[in-house]
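Protein chains in written order, with my numbering: chain R, 1 to 413; chain D, 1 to 104.
Hints may contain errors.
[Said to hold, decoys possible] Taking CB as the label site, the calculated pair distances span:
hint: 1; chain 1: D; residue 1: L15; chain 2: R; residue 2: P288; range: 51 to 59 Å
hint: 2; chain 1: D; residue 1: H25; chain 2: R; residue 2: A277; range: 22 to 30 Å
hint: 3; chain 1: R; residue 1: A57; chain 2: D; residue 2: V61; range: 44 to 52 Å
[As the list claims (entries may be wrong)] Chain D stretches covered by chain R per the calculated footprint, using a threshold of three residues with CB under 8 Å from any CB of chain R:
hint: 4; region: 10–23
hint: 5; region: 32–38
hint: 6; region: 42–51
hint: 7; region: 63–70
hint: 8; region: 79–88
Source of the hints: derived by calculation from the structure; they are not laboratory data. Virtual Cβ for every residue (Gly too), placed ideally from N, Cα, C.
Letter by letter, the chains look like this.
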Amino acid sequence: MTAGLAAYGVPVLYIASAVFFIMGLKLMCRVRSVGRGGVLLGIGFLLAVLGIAIEAARLDPKFALIGLAGGVLLGLSLGYVTNIDLRPSVGPLLAAAGGITALLLGIAVFLHQESWPLANDLALSGGVRGAAVGLAVVSGAFALAFGLLAGFGPAARGAGRPAVVALAASASGLAAAMMGFALGNPIVVAVGGLTTTAGLSLSSIVANALGSKPLDVAFGTLGRRAGDEYSDVKACGPEETAMVLESARKVIFVPGYGMAVAQAQHALADLGKMLEARGAKVLYAIHPVAGLIPGHINILLDEAKIDTAQILEWEAANRELADTDVALAVGANDIVNPDARGNSQSAVFGMPFVDVGRAAAVFVLKRSLRPGAAGVKNPLFERPNTNMVFGDAKKVLQAIGVELKAQAPRKAA
Amino acid sequence: MDSGMILWTVMMFVLAAFVGHHVIHGVPTLLHTPLMSATNAISAISVVGAIVVAGSEYELVRTVLGVTAVAAAMCNVVGGFLITERMLKMFKGGDVGKGKGHQP
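Chain D with its partners taken away, still in its complex shape (with noise of 0.2 Å):
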């Protein structure tokens, strides 16, 4: 790889923290744990990672650490994800948006 390509990968790199930073403001209370719960799923990116490493050609103690670098991550995704379905879930049952003033 030359150092053009490093260089492409590292802009690509600060752009996107740079989004992550702006793309985040003003989030009520309400909703910190869910995006919590969110933020915590998309890290879990490294399973395109991980599944590359358990795929490899069979050799003992990568493949065990592949797979369970994959299965570490798969949980993390699809629990996080499960679990912030259920929180939003349950603010759709609850009183949000109502308000609390006289009613008509």
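Next comes chain R alone, as it looks inside the complex (with noise of 0.2 Å):
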């Protein structure tokens, strides 16, 4: 009985959590699913501990129930009595804690290497084990290090820190991927593998969001490149500007160079179709010298067929952005620069400018913070109600597209 749970009711098991955990990540990336993701990796950990128990029946418990107790009550106390403030500070705590496990696991590994409880036919010998368990070391030492790096280092107070803390994730699922070699475990090395690859996804999304990469953030670089510093910037995807726009009745888009060169006018064109499907009024503002030349935008909105009554000069462009709900500036940055009439002491002061500010809402499409021809920084982009976009024109206006498809139809007023 116990032999034939062990031989056939544990892979299933692991089977199993293994689907949980990858469809729970799925779920988690979608803020209409989160909180399924969420309940989804719950059940694929409880699977996983699960299928231990049972395949380390015969082992005494007694150690392993102490050290889960205290583990557990660690757990609720930080997560449930710490007070929400002090959340920021918690998150690299944990990936510390990630790491930590993941060395003492090596060296634990390490000193027993003959006296291995559970040696099945997976289970790594001599060298090769010797191998994955210093590859379990030095990644869990560096989970360790990112951990504390992202609670004491210059990413910790700043909207870089997922970023760091993903990152500890990363070389922590890397660590248990290289235990599970090492013990001849298969969901620990999926799941490890899993964990590693996902970390780097999401430590690079998140920098990318900042418009830098992960170790800039980790290391506090972040920023340099772009000369001026931004201290206060949002940043959001495409699905929360699509949100957005699902709900606006009015909408202007500002053409810049940074549209031209992605080619993205007809994925503006569309996203400026879809959205008049849905009953918004939607204009084109074009600013004398945006583009490569004067003109140039022009062109490329009659070569995406777009109806010439929507495209408005900068002046007649701003009297109605005052009753806009959402602008949008696609690639757009000295000609949205409102220094052009607010700062003297600015290289643009008194060119022309869109004064996208005058919205409700804010979205500037744009690949980084890096400064555009005139070389100086946008007070627009902190702004409190701009959001930075960041990504290719062409690609975020798709994807924005492809989200607001997502998202139920508006019902008739």
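Build the complex: two chains, separate frames, hints provided.
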């Protein structure tokens, strides 16, 4: 009975666990399903622990239970009792705990290589096991280091902190996978491998949202390439942009140099038509020097078959912007710089500009925070009603379109 | 363990790594922190190995290491899931998804 359970029941549990982990992560990437994703991850975890409990049934459970109880109590107190305002410091602490786990396990397995209790035909032996354990210890140390860096490093108080904790989680996942090799446990290898790259991807997504790279965020080199520093920039993704656009009655697009470079005019026109189909009024504002040469943007919008009645010069656009719900600057920087009117010290002072800040919500689609041709900082990006959407203009516009389609059609008013 | 089994395990690792890379994509900023917290929590899967180490025949150093590893991993996973849950509850209480347009 027990033998049959271990032979067939355990692999089935492990396979089910892996499926729950994968689906859980997938669902957690969307606002609509994030709660369900968390539940699936929890179930996956329980199945994995159940599997090892059956597999290790003949071992003495006393000490494992002491550890389990202690860890659960500590976790509960951290999770429940901690004031939610202290939450930012708990994440790195937990990431460091992941690193410590891997380090201790590595040492324990290293010290007792010859007397492994569950020696089955998956477990590595000799030099290969030594190498796996060594890698586990090194990745564990990296996880610990990133955890500490997230808690006390340059990103500790910024929006970049999740990027550093995700790096720690990735290293700790790699350490787990290496331990899985050494112990011959397939679910640890699978979930460890999954976490390794999931953490890396998440880290690079978070860093990308800040116009940077994971290691730049971790070591505080963020923003140095941008010349002028930005202190308080909000970034968001296509899904949130679509959520705001969904309820907008009047939308103005401000295409700039970046739209021309990305050849995003068709994607822009498609998004405009989609919004019109939902009942919104859609206009396009053209700045006299937008694009490579004056008139460049007009040619591109014409190519995308946008009705000329919807295209406004910058002064007319500024009048319309006062009662606009959403202004979307597509690859535009200097032409939407409010310093053109507000800051006599700025290099752009006195130039024509599209005053997108008058709209209720502003989204700026841009590759990074790097300055435009004028080489100056743009205070628009720091305004409270401005959201940066980092990425290639064409890809971001298409992604917004996909998200908009995914949302329920608006009911007739 | 023969070299064939090693290759199977390596293959599983490689496939899992590809899945991990592809499954995380297009994450909205709102979910960066919850997902970070969840990813960190599941990296504590090594608790499965730690349970075996802690449950092995008693030997002071190994048992202490194993028990501490189990405790650290469980703390990571329980604390991580709880905090993720609390963050998500905060979102539900907030104005997510309501947009900023005119109200009819």
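Is 44 to 52 Å a correct range for the gap between the Cβ atoms of A57 (chain R) and V61 (chain D)? 25 Å, violated
Within 8 Å of chain R's CB atoms, at least three CB atoms from the region 32–38 of chain D: coverage verdict: holds (count 7)
Okay, the region 42–51 of chain D and chain R, do three or more residues pass the C-beta test at under 8 Å? holds (count 10)
Take the C-beta atom of H25 (chain D) and the C-beta atom of A277 (chain R), compute their distance, and say whether it sits inside 22 to 30 Å. Taking Cβ atoms as reference, H25 (chain D) and A277 (chain R) lie about 27 Å apart, which means the hint holds.
Holds or violated: the region 79–88 of chain D covered by chain R, criterion of 3 or more residues with Cβ-Cβ distance under 8 Å? Per the Cβ count (10), the hint holds.
Verdict on chain R covering the region 63–70 of chain D, where coverage means 3 or more residues with a C-beta closer than 8 Å: That given contact holds, which follows from 7 residues of the region 63–70 of chain D lying within Cβ reach (below 8 Å) of chain R.
Check of the region 10–23 of chain D against chain R for coverage (Cβ-Cβ below 8 Å, three residues minimum): holds (count 11)
Does 51 to 59 Å hold as the CB distance between L15 (chain D) and P288 (chain R), or does it fail? 55 Å, holds
Going down the numbered hints, you'll see the structure goes against just number 3.
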